[in-house]
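Each protein sequence line maps, in turn, to chains Y and D.
Residues in the first sequence are numbered consecutively from 1010, following the numbering used here.
Residues in the second sequence are numbered consecutively from 1010, following the numbering used here.
Calculated from the structure, these hints are not laboratory results.
The beta-carbon is built from N, C-alpha and C at its ideal position, and this holds for glycine as well.
There's no promise every hint is true.
Said to hold, decoys possible - Think about it this way: if two alpha-carbon atoms lie no more than 35 Å apart in a straight line, the pair counts; the simulated DSBU-like pairs of lysine-lysine are:
(1) D/Lys-1123 - D/Lys-1082
(2) Y/Lys-1143 - D/Lys-1148
(3) D/Lys-1031 - D/Lys-1197
(4) Y/Lys-1197 - D/Lys-1224
(5) D/Lys-1197 - Y/Lys-1202
(6) D/Lys-1197 - Y/Lys-1204
(7) Y/Lys-1082 - Y/Lys-1143
To be verified - A short list of chain Y residues far from chain D (calculated; beta carbon distances all over 10 Å):
(8) Glu-1021
(9) Asn-1024
(10) Asp-1050
(11) Val-1081
(12) Gly-1106
(13) Asp-1109
(14) Arg-1151
(15) Val-1229
(16) Leu-1248
(17) Asp-1283
(18) Leu-1308
(19) Lys-1312
(20) Gln-1318
Unchecked claim - Beyond 12 Å from chain D on every Cβ pair, some chain Y residues (computed):
(21) Phe-1012
(22) Leu-1016
(23) Lys-1031
(24) Asp-1034
(25) Asn-1056
(26) Ala-1090
(27) Asn-1098
(28) Glu-1104
(29) Lys-1140
(30) Lys-1148
(31) Lys-1232
(32) Gly-1293
(33) Gly-1294
(34) Val-1322
There are 2 protein chains.
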Amino acid sequence: MTFQDILKIFEENDNFLILTHKSPDGDTLGSGFALCAFLRDMGKKANVVNSDNFPERYDLIYESYYPQEFDVKYVIAVDIADTNLLGSNLSKYAEEGAIDLCIDHHISNKYFAKQSYVEADASAAALIMYKIFKASGRKISRQIARCLYTGIATDTGCFKYENTTPQAHIACAELMSYGIDFAYINRKMFDVKSKGRLMVEQSVTANMEYYCGGKCSMIVLTKELMEKSGVDAAEFEGLASIPLSVEGVKIGITVKQRHENVFKISVRSDDEIDASAFCREFGGGGHIRAAGCEITGSLEEVKAKLLKQAEKVLG
Amino acid sequence: MTFQDILKIFEENDNFLILTHKSPDGDTLGSGFALCAFLRDMGKKANVVNSDNFPERYDLIYESYYPQEFDVKYVIAVDIADTNLLGSNLSKYAEEGAIDLCIDHHISNKYFAKQSYVEADASAAALIMYKIFKASGRKISRQIARCLYTGIATDTGCFKYENTTPQAHIACAELMSYGIDFAYINRKMFDVKSKGRLMVEQSVTANMEYYCGGKCSMIVLTKELMEKSGVDAAEFEGLASIPLSVEGVKIGITVKQRHENVFKISVRSDDEIDASAFCREFGGGGHIRAAGCEITGSLEEVKAKLLKQAEKVLG
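Next comes chain Y alone, as it looks inside the complex:
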C-alpha cells in the first residue's frame, strides 16, 4: 500500500471507527486521535474507541474530542500488532473480520486486517500518520500536531531510545513549528508522577539488592506494596528501568508478584548482555535489551533461579 492508496480510502469512505490498543499509551492514542481529527477536517465522521478508559494522563491528546453519532462503515486499527491487543470490548471487530485497515509500526504485526500498512522501522505509529498527512498536502491543525508529537515523543522515550530515527527528529522539528506546547507535553509525559508511584519508586529503590559484584541489581514489587500505593497497574511499567539505572549494573531485574507464587520478571540489560536470551531460559523472550518471563515458586526460589542465571551470563 502507498500513502496515496490510504488517502484514497479516506476520501472514498465515511463513518470511520478507529481502534486503539488496550492499556493505551501515548502512541496509540496520539495517532488514533490525530487520525480522527484529520478525517473530521476532511468532512468525514469518525470516532476513536478503546477497550479501557482513556487514561487521564493523556488528556491533552483527547481534551477537545467528542464522540459523533453514526453507523460505522469503515474500521481502522492503529498501533495494533495483534488482535489480542484489542481487549475484551473491541475483540468482536476481529472475530467478525470487520477490521478494514491496520496502520502499525511493529515488526511483529500479524496482518489481521483486510489491508495493512506496516512500517517496522518507523519510531512510532504517529510518525507514519504524520507522513500520510503530509502526503495529502492538507494543512493539519495545531491539535493534530500535538497528538503526533506526543505519540512520537512517548514511543521514543523523548528521543532517547535506539528506535529514534533522524526522521523522527525532523518530523518533530516540523510539528514544533505549529506552536505546540512541547515542553508542557514532555513535562506531563516524562516528569510528572503520582504520589503513589513516587512512594513505590522510593520503596523499591531503598530495598534494591545488588549481586555479582554490583553488575546485577534486583527490585521486588510485592502485591502488598502495589495495593498499598493505590497506583494504577499501567503506572508500574516504567519501574523496570530502575535497576539498570545504577552505575555499573549490566542486568537489571524487576520481580513483580502476580499471585502468591507467580512472579512476572522484567529484565533490562546494557550493550553487553542479551536480555531476550536471559528470559528464554525461563520460557520468556522479548527484545535484546528489554525482555520478560514468568516464573512460579516462592519469592526465594524465584530469586535463586534468576541469580544463578545472572551469574552464568555475567560469568
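Use these hints to put chain D onto chain Y, whose structure you have.
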C-alpha cells in the same frame, strides 16, 4: 561576526587553547572537545582545559583526547557567559585580557573576550559549533558528531525543555547519520546514576513535605546527608527537579544546606507560577520556571519564610 569570520580566525591562527567553564557540563565539554578535534583535523594544534577535572561521567566526549605540547597563541572560551565561570585555575586568562574569542549561547554573556559570537536563542553552544563546522564545508568525524550530539542533548534535557528548537532536532537528525551510538550516550547522560545519588534521591523523596493542599512540595538536603552519600557536588544539581515531579505540585522547592545557617534555595514552577519573581523576594532570581536564592537563618526559619511566600503566590 559571521561564521566565515570565525573560520578565517581558525585558518589564520594556530596553537589554540580552548577554555571550558568550571563544574563542566555536557555542553561546554561537548563543544570544547568538538572544536579541538575540528582544529586538529585542520592541521592545527589545540588543547582543551578546565579549572576542575574532566568528570568521568563525560568520558565519552574526551576518551580519545590527548594534550599536545605547544606555546599558546590563541585562546577561545566556549559556553562561558562570564569570567567568574572560568574557575580559579583559568581566571588568569581573563585578568591578562588574553581571551581572544568567546563562542556562547547565554543571553547573559558579558562580552569579556576581544571578540564574541553569542547566539542567545541557540539551544546549546554545541549547536552553534555544529553550524560553524557546517559552514566550513569540511567533513566532521564521528567523534565530533558524538561530542556535538552530547552537548545538544544534555543542554535540552534530551529535547524535553523549552529551549529545544526545531534547529536542534534537525542538527541531531544529521549528527545521527554519522552512526553515533546516541542511545548509549543518552542512557549514560540521563539514566545512569551512582548508588550515592540514588540513595540521596530515595531519602529526600521519602521525606518530601507537601504544603498548600499539595500545590507546594519541599525537599531538604542537609550537609550531613550530602556528605554521607559520598556524591560529587555536581551530581546534586538535578535533584531540584524532584519536588515539581509530583502530580498537582505547582511550586517545587529544594533547600540545600551550605553552612550551619545558610541555605541555597532552588525553586521550580509550572506554567502558572513565576519562580524568578518568587526568588526575587529573597534577593535571588533566574528564569521563569527555574530560579534560586540564598536565605540565612535556622532551617525552621528558612522553611517558614518560603512557605509564607508560597501561600501568598498560590493565593
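* Which numbered hints fail -> none
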